[in-house]
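Asker: Given next are the chains, with one letter for each unit.
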Amino acid sequence: MTGLMLTKDTADASSSNSDNRDHPPAIHSREEGSRTVWQLSGTWNTRSVHLVDAQMRELERTKAQQNVVIDISAVERLDTAGAWLVERLAAARINAGADVEILGASEAAQTLLPAVRRAIRSPESSSRERQPFFLIRWLELLGRAMESAWLDFIAGTYILGATIRGAQMKLGRGHAVNPAAIFNQIDRMGVGAIPVVVLICSIVGAIVAQQGAYQLRWFGAEIFIVDLVGILALRELGVLLTAIMVAGRSGSAITAEIGSMRMREEVDALKVIGLNPIGVLVFPRLVALVIAVPCLTIIANAATLGGGMLVALLYSGIPPEAFIDRLHASVDLSTIFAGLIKAPFMALIIGIVASVEGMKVGGSAESLGRHVTSAVVKSIFVVIVLDGLFAMFYVAIGF
Amino acid sequence: MPDSSPDLMRQTGETNSDAGTRPVVLSVRDVTVAFGEKVVLENLSLDVYRGEILGFVGASGTGKSVLLRTVLGLVPKKSGSVEMFGVDLDDASEQERVLVDMRVGVLFQHGALFSALTVKENIQVPMREYLDLPKPLMDELALLKLEMVGLPPDAADKFPSELSGGMIKRAALARALALDPDLVFLDEPTSGLDPIGAADFDELVRTLRDTMGLTVYMVTHDLDSLFSVCDRIAVLGGKKVLVDGTVDDMMQVEDPWVKSYFRGKRARQIDLSARAEVN
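One line per chain: the protein sequences are L and Y, in this order.
According to the numbering used here, the residues represented by the first sequence are 302 to 700, in order.
According to the numbering used here, the residues represented by the second sequence are 2 to 280, in order.
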């Protein structure tokens, strides 16, 4: 032990620029009778071994079965990395059928080399698996994606069922509904989202009105922008924009909250206490979403119409009275409900997708980030697909 | 007296009474640390000598972790200086700091392994940062470090979340040893391990000290570690180092906390069994 310390002592502890005095590692080969002598010199430590790694590997691969002496007496410093190279060379030569002798090991090296030798394994153990044909890999990817989509669906239905079942796992006291938690969530997910929803929807309403007016002007039919904005906003835009905003705002929050609780075993603690974690964590959020999203949709509808009305006044000179008058003619209650009915379903989908992703979070910070991302992407995707399904459904029933 | 120390002194011609002449690896001088008005450490001085295992104890909340973090530069100090390998860390140029950083390894209390990387990648982080090693050699060195800390090779491709508490400590130690440091800081290395695992870990620290020539600064509460592997013990109390010396020295100290710590019921039992083992 002390010997090794003395090797390291060649650079005095109190001299900071000791590294400048290092000699690079070197290998000198010479023949001595029937034996090959490899004389190593210089500093063989973690910082310098990359200089000789390639050369050492070449020596390991030589075909000759001559007996070998590795002389390390001229090595100034040796640490585990240097010792590894020496032992790796020795092991390779022994495997090739040669006799190997290591000479000139200092007292420190005599403790270090055997410690390193234990890590040498037969080369077979490190052989890599061959990558399969790319078509197979592609099919495997497809299969995995299908399976995980199916498992997500199962998990989603499980969460929906567990939510409906309520908070407590054991049939005991306690209320399934915790009004305070639900109102808190409505405040965060609904009230907190009003400014951004109003802003986005009024801008989109204004853009649609402006584009419509510009095109319809050619036909002298500018007044029909009211029909355009009114039907588009109430049936599609209001609810779709709201759902996308909520998926981005609240879906990510739900996944992150549940996911970080999983990482710190809080979800397991809930289970052990006898509570259904999905009932406790997911239920208030789902209820809050189902209440908040339709309300937000109504606000979004108003904001979209407001933006359209403003552009109609400023760009096409249609006064608000005429706009509202025309709106009465083109839109009826069924148009409003066609949009509004979709809102709770979208809220449910966002909440379930976000909760499923949150429950899938594993131990690492990276997995949290990955699942939050996929929660937002998946819920926006599902919301748009759902919107399309509703459109087909309405056409089929003539709504 | 732990068995390795007399050996060391005989060979290097040093004696315990003449501790001042042994090479000092880490020197803390008159360090004061305060958070706002609350002074945690005041004019604290401490030397760590080459090749020793220093055990650092103190009641909870006396600032052991603060001192460790101050030495590592993670907590700013009000006054005083910290020298590692003769380099004053406040005056050091960036180049000198990097050279010092490469010679220091740290094992944090909870491992602090990067959760997004496998164990092997964790060990390779410092290698990638500082060294220019070819990939196959880096893999080999990572596996070598794993072997040295007593982890099986198949742990290399696992993520930290898949490891047990003891394996996390060992993997974190392997990362601390990635660059073959001269000085390692261990923050409560045996906390959260079962007694057998803790004893193994102590033995591992001693073996590594002997094979790699490490100097070890170990914050610990584990009386077993203090009695079995530490060459020297420093006690933190009253914002400075109360006493430092061997276990036998601790037995003579009359400070109430030190007395109850080293001569309490638990300590006596361990001491007796440790002495029985030696004889």
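Just so you know, these hints were derived from the structure itself, not from any lab.
A virtual CB, placed ideally from N, CA and C, is assigned to each residue, including glycine.
Mixed in with the good hints, there may be bad ones.
[Claimed, not checked] Derived DEER-like restraints, expressed as beta-carbon distance ranges:
| # | chain 1 | residue 1 | chain 2 | residue 2 | range |
| --- | --- | --- | --- | --- | --- |
| 1 | Y | Ala35 | L | Thr458 | 50 to 60 Å |
| 2 | L | Thr458 | Y | Glu95 | 54 to 64 Å |
| 3 | Y | Glu204 | L | Asn368 | 32 to 42 Å |
| 4 | L | Val573 | Y | Gly151 | 25 to 35 Å |
| 5 | L | Ala327 | Y | Asp158 | 34 to 44 Å |
Asker: Of the hints given before, which are not true for this structure?
Answerer: Of the numbered hints, all hold.
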